[in-house]
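Participant: Given the coordinates of chain A, work out where chain B should sit on it, guided by the hints.
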Amino acid sequence: EPEVTQTPSHQVTQMGQEVILRCVPISNHLYFYWYRQILGQKVEFLVSFYNNEISEKSEIFDDQFSVERPDGSNFTLKIRSTKLEDSAMYFCASSEGAGPSGNQPQHFGDGTRLSIL
Amino acid sequence: GIQVEQSPPDLILQEGANSTLRCNFSDSVNNLQWFHQNPWGQLINLFYIPSGTKQNGRLSATTVATERYSLLYISSSQTTDSGVYFCAVVASGTYKYIFGTGTRLKVLA
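The listed protein sequences derive, respectively, from chains A and B. Just so you know, my numbering puts 9 at position 9 of the first sequence, and the rest follows in order with no gaps. Just so you know, my numbering puts 91 at position 91 of the second sequence, and the rest follows in order with no gaps.
Be careful, since some hints might not be right.
[Unchecked claim] Reference listing, derived: stretches of chain B covered by chain A, where coverage requires no fewer than 3 residues with Cβ under 8 Å from a Cβ of chain A:
1. 23-33
2. 44-57
3. 78-90
4. 93-104
FYI, nobody ran anything at the bench for these hints, they're computed from the structure. C-beta atoms are modelled at their ideal positions from N, C-alpha and C, and glycine is treated no differently.
In isolation and in its complexed conformation, chain B is listed as follows:
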């Protein structure tokens, strides 16, 4: 089945710093979403981005489906950005999301 790898696995930033999180996938996909899992365990949808570029405030994402990767950019990070960031993909011909192993982000004040 499709493999989804995220990097880096862990990231520590000072408040105000910028970061780039990467998601690589091993096969063609129909869907891709980025989620932020907060300390209470909730999965917060950040972007639905099977292709192209989107921006929402300090966050932006780019998916290059033909090269099988997606990037999540966080600018001017805040302590509330801490948590685990997951990308999830739906492989062609299936219904299910396959989640990556996540990037655990800690933003220090």
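Excised from the complex, chain A in its bound form:
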């Protein structure tokens, strides 16, 4: 069964540094998402992306964050000037359809655990 692949599985970064989290969504999927989960808390939505633009974002997704689909297969989340509170598990997800196009299940990757020192 096709999977969403995330790399790296664990990233350790010094506070203030930039970090890029990478995801390869399922190949025929058109909608892409990032979520995060701070240790011990519930999973929170960050951003959804369709047709090379952001379709929805949460209040967490401020100017520190950006997303990109650089080459037709990868989907990246960039966090600039990382802070201690950015430490979390970050999940990428993808779906065939969403919203007005018809909702489909979201398939989640295994996550990247980001630790900010």
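Facilitator: Below, chain B without anything else, positioned relative to chain A:
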């Protein structure tokens, strides 16, 4: 925004016991999924169930969208069922999943 509440927050079972986990949501939804988060943090999809009933082995789920709840049934529980169970919903007109706070299940041998 939509609120998603899960109950109970914590559950301890003896191996072999059955359980029912509940997810209530405050508004109409287009999508609903149940996930199991294992000790390594992976989110394992259990069911995509915006309405109706599905079964997969020892697990089954029912969503009554008109009454705004979903139930996850675990029968003959095993120690490997331990972890946190999340339901997640997509409210009408949005793209994003809103996750519940989860039910932490511990199955004792």
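Participant: Within the segment 78-90 of chain B, is the number of residues with a Cβ closer than 8 Å to a Cβ of chain A three or more?
Facilitator: holds (count 3)
Participant: Three or more residues of the segment 23-33 of chain B near chain A by CB distance under 8 Å?
Facilitator: Our answer is that it holds, as 3 residues pass the Cβ test (under 8 Å) against chain A, meeting three.
Participant: Are at least 3 residues of the segment 93-104 of chain B within less than 8 Å of chain A when you compare beta carbons?
Facilitator: With 10 residues close enough to chain A, the hint holds.
Participant: Do at least three Cβ atoms from the segment 44-57 of chain B come closer than 8 Å to Cβ atoms of chain A?
Facilitator: Check passed, 3 qualifying residues.
Of the numbered hints listed earlier, not one is contradicted by the structure.
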